[in-house]
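Anchor point for the sequence shown: position 45 equals 45 in UniProt numbering, and the numbering is continuous, going up by one each time.
Derived from the structure by calculation, the hints contain no laboratory data. Remember, it's a predicted structure, so these values are computed and weren't measured experimentally.
Ranges of calculated distance between the beta carbons of each label pair, as one might list FRET restraints:
# : residue 1 : residue 2 : range
1 : R83       : E108      : 28 to 36 angstroms
2 : D15       : E46       : 40 to 48 angstroms
3 : R37       : N87       : 12 to 20 angstroms
4 : D61       : H23       : 29 to 37 angstroms
5 : E41       : R110      : 31 to 39 angstroms
6 : R38       : N87       : 15 to 23 angstroms
7 : E108      : E46       : 27 to 35 angstroms
8 : E107      : G43       : 33 to 41 angstroms
Where is the CB? At the ideal position from N, CA and C, for every residue including glycine.
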Amino acid sequence: ESALHLLRALCGREDDALAARRHTEFRIIYDANPDGRRLVEGGQFEQRTNPDGVDTNRNFDIGNGRDDNGWVPAARDSPPEKRGAENYKGEVPFSEPESKIVKSVFEEFRPLVFVSVH
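Using the sequences and the hints, build the whole thing.
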């Protein structure tokens with residue numbers, strides 16, 4: 001669990017940890033897809049989507065050149081997306097509760113840098 005290792009390091013007494021805490025504000029979203037995680041822990045080891053069949057890592061409106069629905073156009077060689085496919089991004093950006101929560105955290109916190117660890 002990468003987030004827990006990061007927290008342990010940040011809580012340490014080393015000079016780097018002290019400096020990081022003194023000069024940086026951290027927000028950690030420990031698990032942005034808890035229902036999907038439960039599916040994996042229940043034995044569906046290749047599960048990438050939430051229980052509604054949407055890959056919550058793709059359910060955003062990131063980038064320029066969006067289409068009429070707000071999506072960044074897919075690469076020409078991308079397979080067609082359908083609900084339940086590991087790359088299905090949903091009907092519209094932020095259609096899923098998980099991506100709505102992440103969006104609200106980003107809008108409130110407005111980070112200069114973010115790291116996504118899977």
